[in-house]
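Peer 1: Sequence:
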Amino acid sequence: MGTGTFMDINTGSKPHTSVTGLYPLVGWRMGSEVVYLAEGNAADTGTAIKWAQELGLFSDVQETCAPLNDPKACASLMGLKPSTTKSHLVRAILESVAFRNKQLYETMLRETRIPITKIRVDGGVSSNDFIMQLTADLFGRKLVRPQHHERSCLGAAFVAGLEAGFWSTQEELKKLQSSD
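Residue numbers (numbering that gives the first Met the number 0): 0 to 179.
Hints are computed from structural coordinates only; laboratory data are not their basis.
Only a predicted model underlies this, so the values are computations on that prediction, with no experimental measurement involved.
Even glycine gets a Cβ: it sits at the ideal position worked out from N, Cα and C.
With a Cα cut of at most 25 Å, we get these calculated DSS-like pairs of lysine-lysine:
| # | residue 1 | residue 2 |
| --- | --- | --- |
| 1 | Lys117 | Lys13 |
| 2 | Lys49 | Lys85 |
| 3 | Lys141 | Lys101 |
| 4 | Lys117 | Lys101 |
| 5 | Lys117 | Lys173 |
| 6 | Lys101 | Lys49 |
| 7 | Lys173 | Lys13 |
| 8 | Lys117 | Lys141 |
| 9 | Lys117 | Lys174 |
| 10 | Lys141 | Lys174 |
| 11 | Lys80 | Lys49 |
| 12 | Lys141 | Lys173 |
Derived Cβ-Cβ restraints for the label pairs, each shown as a range:
| # | residue 1 | residue 2 | range |
| --- | --- | --- | --- |
| 13 | Pro145 | Gly3 | 11 to 21 Å |
| 14 | Tyr22 | Pro114 | 19 to 29 Å |
| 15 | Lys117 | Thr84 | 35 to 45 Å |
Please construct the entire structure, taking both the sequences and the accompanying hints into account.
Peer 2: Given below as structure tokens:
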């Protein structure tokens, strides 16, 4: 979770097709093995948080730590009253991220019917304890968050290292993983 939220599930050797928001991707190819993913996304996760920051609702993102695929969809803040504070608005934005995560999660479960054994999160937004705890509560599941949240480049390096022979097996890489 960073600029956007991209939720993926490993579908193995077969791509998953959908008409309700998920789309197939090649997760990786090593040798002759091709592994596919089904992905759903919320393109504006980080954008919403950045927008709130630009409105002056908070000055530093750290202050926030206390199944649709419709590009025309938008957000709104409803129920505003004279007593609504900046804190209320920030909380509403952060909660919206967690509820969108729940929507993506339920779409994954419904469409793929693949048992989910572990939920891993990464990216800059995953460093927000409030969003992660609310997401875990909404899922009714524990989330596994790596100690180092920015993982995209590391994943690419791992695959390159395997292909180059720096590591011999994927099991070696699993031993390098550490989480909060």
